[in-house]
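So the chains spell out like this:
Protein chains: 2
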Amino acid sequence: MSNKQGTVFVVSGPSGTGKGTIMEEYFKRYPHDNTFLSISATTRSPRPSDIEGVTYYFKTKEEFEDLIANDGLAEWAEFCGNYYGTPKKPVNDMVAEGKNVVLEIEVQGGCSVMEKFDNAVGIFVLPPSFTELKNRLVSRNTETIDVIESRLSRAREEIQEIDKYEYILINDDLDKAVETFRSILIGESQRVIRNKNIIKEVCEIC
Amino acid sequence: MSNKQGTVFVVSGPSGTGKGTIMEEYFKRYPHDNTFLSISATTRSPRPSDIEGVTYYFKTKEEFEDLIANDGLAEWAEFCGNYYGTPKKPVNDMVAEGKNVVLEIEVQGGCSVMEKFDNAVGIFVLPPSFTELKNRLVSRNTETIDVIESRLSRAREEIQEIDKYEYILINDDLDKAVETFRSILIGESQRVIRNKNIIKEVCEIC
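Each protein sequence line maps, in turn, to chains A and B. The letter at position 44 of the first sequence is residue 38 when you use the numbering used here, and the numbering goes up by one with no holes. The letter at position 136 of the second sequence is residue 130 when you use the numbering used here, and the numbering goes up by one with no holes.
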């Protein structure tokens, strides 16, 4: 048991806000921050580029259903015939060891996950504006206008959940967003409620 | 009226923890953070090095007592026959303009000030240990052992108030303390509750 517990950070935001890019850049830039990305479990078949325990925990359907039955998942969903979910144990283990864990997850799953971990901190990634979000989705050039409109409509709905999150992170400039994300993590680690042991230790040596 | 209000940060901590040094270094290092140190009012006579509105607001005894009578001070105290206090108006004006204001103040005054400003954020500066605090006070070589013991005893009392503060800042290494202080400021500026206008703006452009 570490002197200081880690913190679970739930990073959500509408599709196209670039939360994945911010996380990727943060972990590349700060590999020694004692902060780790949560690994999802899935029943889909591994691809050649997959690494067990790095890209996913690969499970059989039976194993996954056991996890569901034993309340072993913070959230899960079925998608194209496969299960995807967040196993609680590795997250709780890392937190107990004093590590921060980042869960990058869409808004509905994020709200569910925040209820499952004590003192989890929600960060909601916002586009600079909806016009900009639309431009980003259009410029990907991979989706029809109908799909884009449905994504925007979902984004509008998702933003209604923002009060369940503690922080906003506006992805206007990647560099700034990464540094701001890191400041949120550092700031949270300094909260009085997260440092009872350390405060006690400072005082005990009186 | 700015789109985003600023925040009042109350920085307190026992004598000898180095809160003044951290603030001085922070303002030297980051003069463009839109963050300003609150200026106290006093009835003491200006010294040659004093600059009105920079080191202090200099007031007559009558002016100061008017401020007290009109609830114009967030806190005040009498010391060696002179009044010292924190005028509310300049702090509220800066916050309305979107600036952050830092009040560096001892613990008793800090607790009082936090009640006077909406959403003020308290940061409690701690020594790495009480042994280290004692060493620092001894090595100043300006005070008798009795005075040092009384300071330490007061420090122990002051730390009992730490739950009224949101954050701790351990002054082990000045450079690290300055950067951590800045992260707390940046993190707080991203809180959902402080960004209602910006969230509305992002959504309005749907």
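Derived by calculation from the structure, the hints in this document are not laboratory data. Just so you know, not all the hints are guaranteed correct.
Note that identical chains are pooled: a pair holds if it fits in a single copy or bridges any two copies.
As the list claims (entries may be wrong) - In silico DSBU-like cross-links for lysine-lysine, where the CA-CA straight-line distance does not exceed 30 angstroms:
| id | residue 1 | residue 2 |
| --- | --- | --- |
| 1 | 82 | 128 |
| 2 | 83 | 190 |
| 3 | 194 | -2 |
| 4 | 158 | 128 |
| 5 | -2 | 128 |
| 6 | 190 | 128 |
| 7 | 53 | 190 |
| 8 | 158 | 110 |
| 9 | 170 | 128 |
| 10 | 93 | 170 |
| 11 | 194 | 128 |
| 12 | 170 | 194 |
| 13 | 22 | 93 |
| 14 | 128 | 93 |
| 15 | 158 | 55 |
| 16 | 110 | 190 |
| 17 | 22 | 170 |
| 18 | 158 | 190 |
| 19 | 158 | -2 |
| 20 | 194 | 110 |
| 21 | 170 | -2 |
### Query
Which numbered hints turn out to be false for this structure?
Hints 1, 7, 14, 15 are the ones this structure does not satisfy, whereas the remaining hints hold.
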